[in-house]
Each structure stands twice: as structure tokens, then as C-alpha cells.
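These protein sequence lines are chains L and X, in that order.
Take 1 as the starting number for the first sequence in the working numbering and just add one per residue.
Take 1 as the starting number for the second sequence in the working numbering and just add one per residue.
Keep in mind the hints are simulated off the structure, nothing from the lab.
Check the hints yourself; a few may be wrong.
Here are the in silico distance ranges between beta carbons for each label pair [stated by the list, open to error]: (1) X:LYS86 x L:GLU67: 28 to 34 Å; (2) L:GLN12 x X:LEU215: 56 to 62 Å; (3) L:LYS46 x X:GLN186: 23 to 29 Å; (4) X:LYS164 x L:CYS31: 45 to 51 Å; (5) L:ILE25 x X:HIS52: 25 to 31 Å; (6) L:LYS46 x X:GLU253: 48 to 54 Å.
All residues carry an ideal CB built from backbone N, CA and C; glycine is no exception.
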Amino acid sequence: MDLRLVLKNIWQKWKKFWELISYIITKALLCIMYYTVFTLYGLVAKLMRKDLLDLKMEDNVVSYWKEKEKIEEETYKQY
Amino acid sequence: MYILGISCYYHDAAAVLMKEGKIVAAAQEERFTRKKHDDCFPANAIKFCLAHEGITSRQLDYVGFYDKPLVKFDRILETFISVAPKGVRFFMLAMPIWLQKKLWIKDLIKTELEYDGEIIFTEHHQSHAASAFFASPFEDAAILTVDGVGEWTTTSYGYGSGNKITLTHEIKFPHSLGLLYSAFTQYLGFKVNSGEQHHRDIAMSIQRVTEEAMLRMVNHLYDETGQKNLCMAGGVALNSVANGRIIRETPFENVFIQPAAGDAGGGRRNNIYLV
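Given the sequences, and given the hints that come with them, work out the whole structure.
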């Protein structure tokens, strides 16, 4: 059997294995982050009655159009 | 002066090249990759545009991107905070793409294009408005942009005069006519932006709601601006049935709708605004 082919095969499997590990670690870290940082932050916001997405329907509202905030156009910036 | 406009990483990736304020080449990535609504970096579309004009990326004066990624990221994070602990599955899907690609779009463009010049980021609805008004035959017009979502804005209106655009009002995410349409599509189990027509009764209902909402918006815009000309852009402005009703049932005398009103026209919008 060609040694080069054997080594190539092992190398491919080795890479696949670590891809799987990195996938699992990434998902686990993101999951932990979501249930700690994001959920806690969200909970505090809810307790403080902050409506981050402006979801509350208000009574006696004539229009839901909001005046656009006047921001100096900075096209070179990503924000 | 050459300006290359790029839109990608949401849906309908595309590129457009302008020379001295005129479009010389434009292409959507899906035409090369044969993947419907392909959202990947439009390398093939850019290659086509540059080859069509016989130039290299080093001859570009500006490259424009169709929105402001960091503002969009802020909206996504705030949405997750608002819905947590729900939404973890989508968070795990979205974050790797944001952290690997979308947050580094500037570097990515420079690397992919081998380009060292300026990269410009225009606000999503501002560029929608520019694409409609500056391409229209009007000197003055009311402008309405309606789509799923840009950074935070989903709908905006204002007016254009000469070479100036002023957007005065907006509706922000999650309140969105375009996303309402998409939500129904997803609820029915179809692919967003593609499969709406398969479930006729519900599609008809949501279509009727869309038409009524559009008519109200346009009538409100007429009352606010008093203009006789109307320019519209954004994905929802491609709803031809609603557009027909706007032409027939609202007081606007002339209506101009940008042909590539959706995000595939993002590069074009961007370029027109920069010019």
C-alpha cells in the first residue's frame, strides 16, 4: 500500500476530527454565553421595564411613524 | 472615476460598477453560482463587472457597501437580549457568521479584491432612497422606502430635491411590512423570498394587508409632503399589485419605482448615493 495515501487518509480524518471538536466547542461556548450574558441582561432589562424593541402598543397614538434622528452622515464608518 | 458597489451576506448578493456616474456593468451572484438568492461574497459578479470594463480592482476609486454592519449587529444583539432565553438556536447559527465574516467586512473586501482604497458604508434606507430618486426623471419628489429590515429602519419616507435627499420619518425593527410577509412565508413552511405563491388563500390575505398598509403610507406621505411625484424603493416596492393600486388610488400624479428595488440593487443604490 502507498504510504503517502495512508498518511493523507489519516491527515484528512485528523482534520475532520478537530473540525468536529471546534464545532462542538463553538456551539457550547455560544450556548453558555447566551444563557448567561444575554439572558441575564434581558432579565434585568425586563425587570427595569425597558422596551428595547419598542413593542408596547400605546393608547391614543395618532401615528407610529418616528421622526428620524438627525445623524451626521459618516459614510467612511461602519456605524 | 470608477465606483464598485457591493451587497452581500443577507440575500441576493450583487455587484455594480459605475464610471463617471453611469452604470457600466451590474450582475447578481446567483447568475454565476446557480444558487437562488445566493448571499455569499459576490466574487464572480465583481469579476464580471471589472472584466466588462477591462479594469482591475486597483483602478477603482471607491468601493461601497450597501449598509452599516455594526449598526445591524447592534440591532441583532438587542433583539437577542429582548427574546432571551428563547432564540438560542438562531443565536448559535447567526453568531459564527457575524464573528467570522460580517464584522470584518472591510478587511474581507480589501483581501478579496486586493484593493487598498476607501470603502464607503451607506445607510441602508438612505441608499434605497437615493437609488429611487436620483434615477428618477423628477427634480422634486416624495420618497418612500419599504423593505424587510436594513440596520434598524424597516420603512422610511422623506423628500428629494435636486441633488439632496432628506428622510424625515421612519419605522424601526421589528415593525416591518416586509418581515410580516416573510413571517407568513416561514410559518407556512416555505422558503422566504421564494415560496409564497404555493398557499393561495393565505398569500392572498397577506397580499391584501400589504396593499392596504402601502396605500395608507403613501396617502400619509402625500399629506405630509404635498408633492405630486413619488419615488419608491425597497423589496416591498417590488409588489406590483400594490404599486398598481398606488398609481390608481392615491393622489400622486407620477410614480417611479426603481427596477432593482430590492437588495440585489444594493450595490447600485450605494453607488448612486456616492456619486
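Checklist entry - Taking 23 to 29 Å as the hint, is the beta-carbon distance of LYS46 of chain L and GLN186 of chain X inside that range? => result With Cβ atoms ~26 Å apart, the hint holds.
Checklist entry - So the hint says 25 to 31 Å: do the beta-carbon atoms of ILE25 of chain L and HIS52 of chain X match that? => result 45 Å, violated
Checklist entry - Has the hinted range 45 to 51 Å been met by the Cβ atoms of LYS164 of chain X and CYS31 of chain L? => result 48 Å, holds
Checklist entry - Does the Cβ pair LYS86 of chain X, GLU67 of chain L satisfy 28 to 34 Å? => result Because 32 Å falls inside the window, the suggested range holds.
Next on the checklist: Can you tell me whether the CB distance of GLN12 of chain L to LEU215 of chain X sits inside 56 to 62 Å?
Outcome noted: 60 Å, holds
Checklist entry - Taking 48 to 54 Å as the hint, is the beta-carbon distance of LYS46 of chain L and GLU253 of chain X inside that range? => result Holds, at about 49 Å.
Going down the numbered hints, you'll see the structure goes against just number 5.
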